[in-house]
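Peer 1: Each chain is listed here by its residues.
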Amino acid sequence: MSGFRVHLLYFAWLRERIGCGEEEIEVPAEIRTLGALSAWLAARGPGYASAFAAGKSVRAAINQSFAGPEAAIGPGDEVAFFPPVTGG
Amino acid sequence: MSGFRVHLLYFAWLRERIGCGEEEIEVPAEIRTLGALSAWLAARGPGYASAFAAGKSVRAAINQSFAGPEAAIGPGDEVAFFPPVTGG
Amino acid sequence: MFAIRVQEAPFDVGAEFAALTAGRADIGGIGCFVGTVRGDVGGRALAAMTLEHYPAMTERALAAIAAEAEGRWELLGGTIIHRVGCLLPAAPIVLVLAAARHREAALAATGFLIDWLKTKAPFWKKESFADGGEVWVEARAADEAAAARW
Amino acid sequence: MFAIRVQEAPFDVGAEFAALTAGRADIGGIGCFVGTVRGDVGGRALAAMTLEHYPAMTERALAAIAAEAEGRWELLGGTIIHRVGCLLPAAPIVLVLAAARHREAALAATGFLIDWLKTKAPFWKKESFADGGEVWVEARAADEAAAARW
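Chains as they are written, first to last, in the numbering used here: chain A, 1 to 88; chain B, 1 to 88; chain C, 1 to 150; chain D, 1 to 150.
If we strip away everything but chain A, and leave its shape as in the complex, we get (with noise of 0.2 angstroms):
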């Protein structure tokens, strides 16, 4: 079974710590939801291990609207990843 692919953003002290602020990268079938993307990314090196390990207090948007960890994603989604926000 053939992966997908998607747009990941990153923002804030994820980007720093991941190193890059945007990838496009394929993505295994049986990552299915917001919350497998994020687990199977921590694994991806030290970087991302680094950025995911806050858990909780990483937030994130599938193609520009906020999401939570059982949000479904699909091939040519945008997913950013980022801290809680702290505009205004």
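There are no misleading hints in this set.
Heads up, incomplete: computed chain C residues facing chain D, CB under 10 angstroms, no partners named:
id, residue
1, A25
2, C32
3, A99
4, L107
5, D115
Here are the simulated lysine to any residue pairs, SDA-like style, with alpha carbons at most 25 angstroms apart:
id, chain 1, residue 1, chain 2, residue 2
6, C, K120, B, E16
7, C, K120, C, E134
8, C, K120, B, A36
9, D, K125, A, G47
10, D, K120, A, L8
So the derived label-pair ranges between C-beta atoms look like this:
id, chain 1, residue 1, chain 2, residue 2, range
11, C, E138, B, P46, 21 to 29 angstroms
12, C, T50, B, R44, 24 to 32 angstroms
13, A, G68, C, A15, 45 to 53 angstroms
By construction, these hints were calculated from the structure, which means they are not laboratory data.
Every value quoted in this text rests on a predicted model; they were computed, and no experiment measured them.
Cβ coordinates follow ideal geometry from the N, Cα and C atoms, glycine included.
Given the coordinates of chain A, work out where chains B, C and D should sit on it, guided by the hints.
Peer 2: Just chains B, C and D now, kept in the frame of chain A:
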């Protein structure tokens, strides 16, 4: 027993009904409170009667501070009568 | 720490913001309210609004309201400007600014100041309608209730 | 009916008031909040604050917040401007304006907009201190609580 002089000011529709905005008058000595002064003024003529007939919707200040009908008045006081305020 | 003015002339909101905040790196938020003359009252076209006040008392009353706000919130400064005289529809009537370290105090003080201004400062509004009628604005029970909640 | 902008450049509060209210005799009150960069954090001197955002998402998120405000109050217009990039102490960060017939709606919407902006729009602040340290600002539980009360 001689009376005492007070400086009176009228604002908004009280001024219009009484026909003047400001006057210096001699008040009988037995007038000791704002309430007594209002009642005495109401008897001075039809303009005053019309102005003070509004009763509860007439407010007042003694020497530039809001005051109620029980407040004491005395020689030289500046007493202002006006409707409830509507600024802002 | 409050700038307080009663004037016939219009005010410049941007200039008042600048005057309040110039060189102030301790301020984190500024709340502001501007009240303006609406061009109709229940559909009846307004020609002008005239604001009368009690000059000897007004600035004292405004200073007392500002002092009350400063006692309730940690403010870093503020501004109250209230216009008097004849104002046309869309004209600004009143400006309130309140600066603080955090937005909670700035916004609460702004709401407090305008609510108290409406019920505790000696101003009276007369509406002159396009049909020639004139009406002294009556105090609203809702304004008393708004002032009383603080 | 909201003007929404995300920009590096400063904004002019007076010009934004004028743009919102020009020729509008239906407006009775305008609420406003301006957030600024404080020059210290718990006594530690700040050199600058950097605001990062998620460009593809930001304007959409701001439009959603404005739409929510318009659904809750009868607004006659409003403005949201949020700056990004490197900002020095005392610099303005964010401007919110809300216009309505009466002050209650204008002030409530102003408070709502800034509370929701703080918790529902994709901006992140990094503080750079004069001592060389850098810290990403942490979300405050108080901000979540403020946003949740609406």
